[in-house]
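One-letter residues, chain by chain:
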Amino acid sequence: MNPRSERQSFLGPRSDEVLSALRIGIIGLGGGGSHIAQQLAHVGLRELVLFDPDRIEESNLNRLVGGTLADVRAKESKVVIARRTILGIRPEAEVIPVGTAWQENAEVIRDCDFLFGCVDSFSGRDELERAARRYLIPYIDIGIDVHRTGGDHFITGQVALSMPGEVCLRCMNVLRDDLLAEEAEQYGAAGARPQVVWSNGVLAATAVGMMMQVATPWQKSSRPPCLLEYDGNSHEIRVSSSAGFLKEKRCPHFVSIDDLGDPWFGERTNPNRH
Amino acid sequence: MKSHFKITRKLIDHVRTDVRRPHAFAGERVGFILCRFGVTSRPDLLVLAHSYHAVADEDYIDDMQYGAVINSAAFRKAMQLAYTNAVGLFHVHLHEHSGKPSPSGIDVRETSAFVPDFFHVRPRLPHGALVLSADSISGRIWVPEDRKPSTIDRFTVVGTPLSKIDGKR
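Chains as they are written, first to last, in the working numbering: chain A, 1 to 274; chain B, 1001 to 1169.
Take the hints with a grain of salt, since some may be wrong.
Claimed, not checked - Subject to a maximum C-alpha distance of 16 Å in a straight line, what follows is the list of computed EDC-like cross-link-like pairs (lysine to aspartate or glutamate):
1. Lys1164/B / Asp111/A
2. Lys1010/B / Glu6/A
3. Lys1002/B / Asp1166/B
4. Lys1168/B / Glu1145/B
5. Lys1164/B / Glu248/A
6. Lys1164/B / Asp1146/B
7. Lys1148/B / Glu1096/B
8. Lys1002/B / Glu248/A
9. Lys1010/B / Asp1153/B
10. Lys1164/B / Asp178/A
11. Lys1164/B / Asp16/A
12. Lys75/A / Glu47/A
Stated by the list, open to error - Computed beta-carbon distance windows for the label pairs:
13. Met1064/B / Arg14/A: 57 to 67 Å
14. Asp231/A / Gln1080/B: 26 to 36 Å
15. Glu248/A / Asp1153/B: 28 to 38 Å
16. Glu1096/B / Lys249/A: 24 to 34 Å
To be verified - Facing chain A, from chain B, some residues (calculated, C-beta under 8 Å):
17. Gly1038
18. Thr1040
19. Val1087
20. Lys1148
What the hints contain is simulated information worked out from the structure, not anything from laboratory work.
This one's a predicted model, so the numbers in the text were calculated from it and none came from an experiment.
Heads up, the beta-carbon is just placed ideally off N, CA and C, and yes, glycines get one too.
Work out the full structure: start from the sequences and follow the hints.
Following this line, the structure appears as structure tokens:
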């Protein structure tokens, strides 16, 4: 075993091999995604695809892991910063930085074994999950929100595992039509969502832990819960009360065969008519 | 182009459970996995398993020479599904042991004879044949370009645990 992995040898004798064979995609390299990228490099991932069209701004420095003032001055791309962080830890890693919206290079996603979604919007989550399901890719979504109620601020969030063949974000109520509609109505007026580094770190680390439980079955008798809820005021993260029910639920949202594969592959009509 | 077969753990578990059911006279059961396809940036051909079609009890032929012999109705029903749903058909059966399964000589001979017939209903989609074991999988794929069999390069069982299996080792 690689000396680097000695302290995580409980993951199994083949864990280095298993992890280095995985290709992971991270969509969004801001407060959440930059943490995830760093942790995946530490834990032993070697193939990473990074998607983010944005460049770092001064307002990102409160939470973007690896970002520096020099990067802000140079208006550095967030995927380049993440790549530098990863290669600083694991120089042999193959990192593919995609400095565009993922939709512009969607075929790159199809090679991934896992996707981490660190996007702000519900519509972004919706699109990403649909793409992940189309190519049978497990998708882990993290989300955080800071909101004000009755004069107090509350930090809430979630980590959700959308595993093909099992429940999806709609089953978990992470995505709902009313949320998507409300977001669509507020388009252009929502502004930047508040974010803090410690909460991003908790959710990102939990998401990485969830992936590790799926990829290296060090807990032989269990699979990770599909939904974890975060209370940033009490500093608690707990399994959602609906997780037990969701474990047995059949997803009604991704059952059509037309939800799978390239829509244009081969033929979709009566072949005898060609 | 390399081929990469992906199936959810839920579906592969269901297939194993189904083909392990005893039959009145057949020594084993077989079925068909219905697949859609995609192309990746590598580029690899993705074979994406959607669902499983079990061969009906009455469509087995009583033949002591082989584990399972199915009749023309079994093929006709599977090919109708391919025609109606625009899917590739992957014949599947189980070798009851652990580790990488290899097709027997009879498996190779028989699948080489009937898989190309699937092109009659879906000439532009790949088709194939799979062998499951208790914990692994192997298979061959026929693509429309040459309609000749080749070994499926990689398999991923998507679930917990997520398993990546080299199809050629």
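Results of checking the hints against the structure:
Our distance criterion of 16 Å between C-alpha atoms is met by Lys1164/B and Asp111/A, whose separation comes to about 13 Å. The suggested pairing of Lys1010/B with Glu6/A is violated, with an alpha-carbon distance near 33 Å, which exceeds 16 Å. Taking the CA atoms of Lys1002/B and Asp1166/B, the gap is about 12 Å. The hint holds against a cut of 16 Å. About 21 Å separates the Cα atoms of Lys1168/B and Glu1145/B, which puts this hinted pair outside 16 Å; it is violated.
A C-alpha spacing of about 25 Å is found between Lys1164/B and Glu248/A, which places the hinted pair above 16 Å, so the restraint is violated. Taking the CA atoms of Lys1164/B and Asp1146/B, the gap is about 27 Å. The hint is violated against a cut of 16 Å. Between Lys1148/B and Glu1096/B the alpha-carbon distance is near 28 Å, which puts this suggested pair outside the 16 Å criterion. Simply put, Lys1002/B and Glu248/A have alpha-carbon atoms about 36 Å apart, too far for the 16 Å limit, and the pair is violated.
Between Lys1010/B and Asp1153/B the CA atoms are separated by roughly 22 Å; this puts the pair beyond 16 Å, and the hint is violated. Under the criterion of a C-alpha separation no larger than 16 Å, the hint pairing Lys1164/B with Asp178/A is inconsistent with the structure, at around 38 Å. With a C-alpha separation of about 14 Å, the suggested pair Lys1164/B and Asp16/A falls inside the 16 Å cut-off, and the hint holds. For the given pair, Lys75/A sits about 26 Å from Glu47/A by alpha-carbon distance, which is inconsistent with the 16 Å threshold.
Met1064/B and Arg14/A have their C-beta atoms about 42 Å apart, which leaves the hinted 57 to 67 Å range violated. The given range of 26 to 36 Å is broken by Asp231/A and Gln1080/B, whose C-beta atoms sit roughly 53 Å from each other. Roughly 35 Å separates the CB atoms of Glu248/A and Asp1153/B, a value that falls within the hinted 28 to 38 Å. Look at Glu1096/B against Lys249/A: about 32 Å separates their beta carbons, and that is inside 24 to 34 Å.
The interface hint given for Gly1038/B holds, since its Cβ lies 4 Å from the closest Cβ of chain A, which is under the 8 Å cut-off. Interface restraint check: Thr1040/B against chain A, minimum CB-CB distance 4 Å, threshold 8 Å, status holds. The criterion of a C-beta within 8 Å of any C-beta in chain A is met by Val1087/B, whose closest approach is roughly 7 Å, and the hint holds. With 8 Å as the threshold, the beta carbon of Lys1148/B stays out of range of chain A, its nearest partner Cβ sitting at about 18 Å, so the hint is violated.
The structure does not agree with the numbered hints 2, 4, 5, 6, 7, 8, 9, 10, 12, 13, 14 and 20 stated previously, though it agrees with the rest.
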